[in-house]
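S.K.: Residue numbers (our numbering), protein chains in the order written: chain A, 84 to 327; chain B, 84 to 327.
It cannot be assumed that every hint is accurate.
It does not matter which identical chain is used: a pair holds within one copy or between any two.
In silico BS3-like cross-links for lysine-lysine, where the CA-CA straight-line distance does not exceed 30 Å [to be verified]:
id: 1; residue 1: Lys185; residue 2: Lys123
id: 2; residue 1: Lys176; residue 2: Lys147
id: 3; residue 1: Lys227; residue 2: Lys117
id: 4; residue 1: Lys117; residue 2: Lys185
id: 5; residue 1: Lys147; residue 2: Lys227
id: 6; residue 1: Lys129; residue 2: Lys232
id: 7; residue 1: Lys212; residue 2: Lys232
id: 8; residue 1: Lys316; residue 2: Lys227
id: 9; residue 1: Lys174; residue 2: Lys185
id: 10; residue 1: Lys258; residue 2: Lys240
Calculated from the structure, these hints are not laboratory results.
2 protein chains.
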Amino acid sequence: MPQEDRITVHWLNFSRAQRILWLLDELNLSYDLKVYERTKEYRAPKELEQVHPLGKSPVVEITKPDGEVIQLAESGWIVQYLIDNYDTEGKLKPATIQDSNKVNYFLHYSEGTFQPLLVGLLVNQMATKVPPFPANWIAGAVVKGINAKYYGPELEKNLKYLNGIAAAQHSNGSKYLVGNKLSGADIILSFPIVSIFTTGRGLRPSVVDEFPELHKYYQNLSQEKSLKNANEKIAQYERNPLKL
Amino acid sequence: MPQEDRITVHWLNFSRAQRILWLLDELNLSYDLKVYERTKEYRAPKELEQVHPLGKSPVVEITKPDGEVIQLAESGWIVQYLIDNYDTEGKLKPATIQDSNKVNYFLHYSEGTFQPLLVGLLVNQMATKVPPFPANWIAGAVVKGINAKYYGPELEKNLKYLNGIAAAQHSNGSKYLVGNKLSGADIILSFPIVSIFTTGRGLRPSVVDEFPELHKYYQNLSQEKSLKNANEKIAQYERNPLKL
Chain A
84 MPQEDRITVH WLNFSRAQRI LWLLDELNLS YDLKVYERTK EYRAPKELEQ VHPLGKSPVV
144 EITKPDGEVI QLAESGWIVQ YLIDNYDTEG KLKPATIQDS NKVNYFLHYS EGTFQPLLVG
204 LLVNQMATKV PPFPANWIAG AVVKGINAKY YGPELEKNLK YLNGIAAAQH SNGSKYLVGN
264 KLSGADIILS FPIVSIFTTG RGLRPSVVDE FPELHKYYQN LSQEKSLKNA NEKIAQYERN
324 PLKL
Chain B
84 MPQEDRITVH WLNFSRAQRI LWLLDELNLS YDLKVYERTK EYRAPKELEQ VHPLGKSPVV
144 EITKPDGEVI QLAESGWIVQ YLIDNYDTEG KLKPATIQDS NKVNYFLHYS EGTFQPLLVG
204 LLVNQMATKV PPFPANWIAG AVVKGINAKY YGPELEKNLK YLNGIAAAQH SNGSKYLVGN
264 KLSGADIILS FPIVSIFTTG RGLRPSVVDE FPELHKYYQN LSQEKSLKNA NEKIAQYERN
324 PLKL
C-alpha cells in the first residue's frame, strides 16, 4: 500500500534524532529530512524554536491526507507513536504482553533515567571549557567532584543494570533487549548506549572490559541494516565529529 | 467490583512517588504502602535496590489472582499502565484521540525533559554543601556558572512553555493541561510544577509573578481532592521538610 501520510523529520546533527531515522527506515517509511546544525556552543539553533517552542530535536510532523498535521516530540513518544501507527506487519511488535510492557518501560527509562545522566555529564564537561568560569582548573575540580558524587555512581549502576540485561538476553540466545526480536527498546536505547562506547561519557576507557555483555550488545546493534542506512544518510552532515 | 489485583507501592519520602498515590486514590484502588526513608545525603536507601536493581522509587508491584507479579518502574510508564488497566470508568480517559496523544506526549515530556532540569539543579545545589569540594564558595561560583549557562535558561524556556499552555487552557475555561478534564498529564507534571513553586528550584522568588498562569494552574491543582488525600497520607512521613 502506498504511504498516504507525509512525514517530515526536523533533525539536529549529533543528536538523539538519528535513531528516529533508523526506525523510519525499519518501517519502510519515506520522509522529508529538515537539517539543523548545532551552534558553536553545541546548542540547537534558534530556528528549531519555530518548529516547537522548546527548540528541541527531533520533532516529527505527520500530515494526513485530509490536511491534519500531527506534531510529535519526545523521542520515547515518537518511537511509540510510529510503531503503534505504522508497524502494520508487526515487525517490531513484541511477541507477548509481558514483552510489550518491558518495551514500554524502556521507552520511558531511556529518556527519563539513563539519558539525563549523560546530559548531566555533557553539561559539566562543557562547563570546564566555556567561559565565564572562574578558572578552568578550578571548574574542573568542582565538576570532577560533582561527577564523583552523583553522575559517576549513577552511571555505573545503570551500566551494570544494562550489562546484566544484555547478559541474560545473550544466554537466552537473543541479541536484543526484549524477547527475541528487535523492538522500540533497542532503538530508543541505541543512542545513549552508542554514546557510552564512542564518547568519553563512559567516564573511563575500561568501559569495554567492565561491561562486556553490553559491549557485545552494542556491537550487534551496530550491524543492524536500517541503523547503517540511517548512519549513511546522516554521515554527510556529521563528517567532522564535534570534539568536546 | 471488588479489586482482584493486589497493589504494592514502594515509596520514598520527598520523592516523585507521591503522585502515584494521588493516581491510585483517583482510581479508587487500594494498595499496600512500603515506606523508605532518604539517607542523610538525601539519597535513596540501599534497601530499595532489593526491590529494583536501580534502587529507585516509585516501584509498583501488581500481584494478579493467579500469582503473576508485574513490576512497574518509571513514573511515566506507571501512570500510563495504571490508567490503561484500571481506569474502567474512563474517569481520566481523554475525550479525543488528539487529547490522548497530548497526554502521552506529556507523560514522556515530564520525565524526559522537565524533571531532569530540576534534578540537575538539585545535584548542583547539593554540590555546594557536601564535601569533598575544594571550597564551598568556589564550588558555589562554578555551580552558579553552570546553572546560568545551561539549567537556568532551559528551565526558563520550559516554564514559559508550560505557562503558555496553562494560559491557553484557562482561556478555554479549563483548569487542566489537556482538554477539559483531569488526565495523566496533570498527575505526572504535578511533582515538578509543585517543586517549582515550593522549593528554591524555580531559581528566583519572582517565579509566581513571572509565570502567573502556571501559578494559577498549580493553585487549582492543589485543590484536587485525591491529591489532598495523598498528601494527608504521606504527611506523617514528611512532617519535617528536608532543608537543602
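S.K.: Evaluate each hint against the coordinates.
M.R.: Outcome of the hint check:
1. Lys185 <-> Lys123: Answer is neither: 39 Å inside a copy and 33 Å across each miss the 30 Å cutoff.
2. Lys176 <-> Lys147: both (23 Å within a copy, 24 Å between copies)
3. Lys227 <-> Lys117: neither (37 Å within a copy, 35 Å between copies)
4. Lys117 <-> Lys185: This pair counts as between: shortest inter-copy Cα distance 23 Å, intra-copy 32 Å.
5. Lys147 <-> Lys227: For Lys147 and Lys227, neither the intra-copy (49 Å) nor the inter-copy (46 Å) Cα distance is at most 30 Å.
6. Lys129 <-> Lys232: between (34 Å within a copy, 16 Å between copies)
7. Lys212 <-> Lys232: both (21 Å within a copy, 12 Å between copies)
8. Lys316 <-> Lys227: neither (37 Å within a copy, 40 Å between copies)
9. Lys174 <-> Lys185: both (17 Å within a copy, 26 Å between copies)
10. Lys258 <-> Lys240: The answer is within: 22 Å in one copy meets 30 Å, while 40 Å across copies does not.
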